[in-house]
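Novice: For reference, the chains in residue letters:
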Amino acid sequence: MADPLTREPATTVTVTTRVNGAEQTHTVEARLLLSDFLRHELGLTGTHVGCEHGVCGACTVLLDGVPVRSCLLLAAQVEGHEVTTVEALAPGPENLHPLQQAFWDSHALQCGFCTPGILLTLVAFLKENPRPSEDEVRFALSGNLCRCTGYQHIVDAVLLAAQRAATQAGGEVAPR
Amino acid sequence: MSALLAASAPSDLTRPGALEALRRRFDDRESEVLAFLPEEGRWERLAAEVSALADAAASRPSARAPLLGLPLGIKDIFRVDGFPTSAGSSLPPEVLAGPQSVAVTRLREAGALVAGKTVTTEFAYFAPGPTRNPVAPGRTPGGSSSGSAAAVGAGLVPAAIGSQTIGSICRPAAFCGVVGFKPTYERVPRDGVIPLSPSLDHVGWLTADVDLALRLAAVLCDGWRSPVAVPARPVLGVPEGPYLERASEGGLVAFAVACTRLKAAGFEVRSTPAMEDFAAIDTRHRLLVAADAWQVHREWFARFGDRYHTETRGLLERGRAADPVAVAKARAGRGELRDDLEARMDAAGIDLWLSPAAQGPPPQGLGATGDPVMNLPWTHAGMPAVSLPAGRDADGLPHGVQLVARTGCDEELLAWAGSLAEALHQ
Chain A
1 MADPLTREPA TTVTVTTRVN GAEQTHTVEA RLLLSDFLRH ELGLTGTHVG CEHGVCGACT
61 VLLDGVPVRS CLLLAAQVEG HEVTTVEALA PGPENLHPLQ QAFWDSHALQ CGFCTPGILL
121 TLVAFLKENP RPSEDEVRFA LSGNLCRCTG YQHIVDAVLL AAQRAATQAG GEVAPR
Chain B
1 MSALLAASAP SDLTRPGALE ALRRRFDDRE SEVLAFLPEE GRWERLAAEV SALADAAASR
61 PSARAPLLGL PLGIKDIFRV DGFPTSAGSS LPPEVLAGPQ SVAVTRLREA GALVAGKTVT
121 TEFAYFAPGP TRNPVAPGRT PGGSSSGSAA AVGAGLVPAA IGSQTIGSIC RPAAFCGVVG
181 FKPTYERVPR DGVIPLSPSL DHVGWLTADV DLALRLAAVL CDGWRSPVAV PARPVLGVPE
241 GPYLERASEG GLVAFAVACT RLKAAGFEVR STPAMEDFAA IDTRHRLLVA ADAWQVHREW
301 FARFGDRYHT ETRGLLERGR AADPVAVAKA RAGRGELRDD LEARMDAAGI DLWLSPAAQG
361 PPPQGLGATG DPVMNLPWTH AGMPAVSLPA GRDADGLPHG VQLVARTGCD EELLAWAGSL
421 AEALHQ
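These protein sequence lines are chains A and B, in that order. According to my numbering, the first sequence is numbered sequentially starting from 1. According to my numbering, the second sequence is numbered sequentially starting from 1.
These are computed hints drawn from the structure, not numbers from a lab. Built from N, CA and C at the ideal position, the CB exists for glycine as well. Hints may contain errors.
Said to hold, decoys possible - Which chain A residues face chain B? A few, computed with CB under 8 Å, are given here:
hint, residue
1, D3
2, P4
3, T6
4, P9
5, T14
6, H26
7, L159
Given only the sequences and the hints, what does the whole structure look like? Please build it.
Specialist: Written out as structure tokens, the structure is:
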């Protein structure tokens, strides 16, 4: 146990950020990770924490629309920025995001632990590249580990979502 | 004399007539001492709380609360449900609001009653409030727990909660002729206390006598051990060297008298060299206070900087400019000081360090709260310290001595403090 006399005291910072469209102001320890801020301070437990060192991709969220590892960012760093988590993709089970629907239809998840991170990674990917090839999808997925599926159904789901978006008046799979 | 006066504060408001007696003491003394923050409807609130407490106690007579009906002063850096917290500052109270402090919750659950909030210097630093010394009204009561010490010294309440970051309990205790106890660092949680320096802030209390300090310790401290077996008379060590030389001439005379009394009562007092580098310890402590205070206050200071008193502002400016490497060294130095002091206790065969609780008697005037330097190293080392009244000098001014035990030996310290306090009164 650390000597209480010589350890650093906790320093707090007040962070104001927009999470899933709602402004949030919280006073937190300066060392608090964004992933822990989302899960413990805001109760948004859809963001999963796997490796806690940026390798597995389970904690991926969107920061101003760009996928980031929330375990590699401090809550203090998102001051004034906009964070999107998996909770924002669909209003409810009856009304899934097109990519979630494609995952459902393609059996693209088993235990589901990696799914939120993969969804956010690929939502951003499809926005940039609405008509990807299978290789491009596999490359986009390379930063997210899945230990159940073997990835094939995930790749299928992404291609299905892209195809559905293309047939629907040439639209794209955009984040809501 | 002051201890007798203080002892006359009612200690259980659920007894018949006790609340009226408390009110009379306030009527007699508070307008002169100004120990408490004003509160509208104080007596109606207390009457309702006393009656609720008495009903609860009557319905469960077997489970008597350990502090049943004890009226307390609470330093205004502690959050107390039902009271605003201003920490002696001009910041809007809503900025400082939050859940009740753990210490106050423990006290209330033990049956204690909050008589009111007591005056603190601004953010428990040095900018003084209006409180006067109850023994010598033209002089400072000390600080930063000014109101808590004065409230007990004036016999308004038998006990009050304070805090010590440099010398904010032991020094005002000496100045007001009461007992002050600062437990081991983090023996009492600081949650719900507006911090000055989280590394150095200690929750502690001022009481009319040692017995009451002990009763509060059993409620407030984590894992209090009771009873403890101690030798009848501890061996006392006087830390000779540059530290002791910081006491004033009058302070050293009073200290010599106290040592003589203790020896006459059969205590062994050994001169033991210590803290040869006291100037460096002093510098490191003050640097750490400043650096911590800046971390605590920088957001408030950015918004309300113009509302801070000059002295506090100076502290924060020093903290802002502090060199992080020097701060890290200062932090590490704390453990080294504690280890060195305890090793010297072992080598010299002493149980407690004995030193003056303040440089001398309370200084004249209310514009400053006196120098905490005699308390500083013990706070720095996080060791438990008790300040005991050591009588009055030829001018009738109060003095105190300070006894310090090894880290975590709070129980032994208070077990010994009773007989030491008695010996000091001979």
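Novice: None of the hints should be skipped; say for each whether it holds.
Specialist: Structure-based check of all given hints:
1. D3: 5 Å, holds
2. P4: 5 Å, holds
3. T6: 4 Å, holds
4. P9: Hint holds; P9 of chain A Cβ to chain B Cβ min 4 Å, cut 8 Å.
5. T14: 6 Å, holds
6. H26: Not OK, violated: H26 of chain A not within 8 Å of chain B, min 13 Å.
7. L159: 49 Å, violated
Hints 6 and 7 from the list above are not met by this structure, while the remaining hints are.
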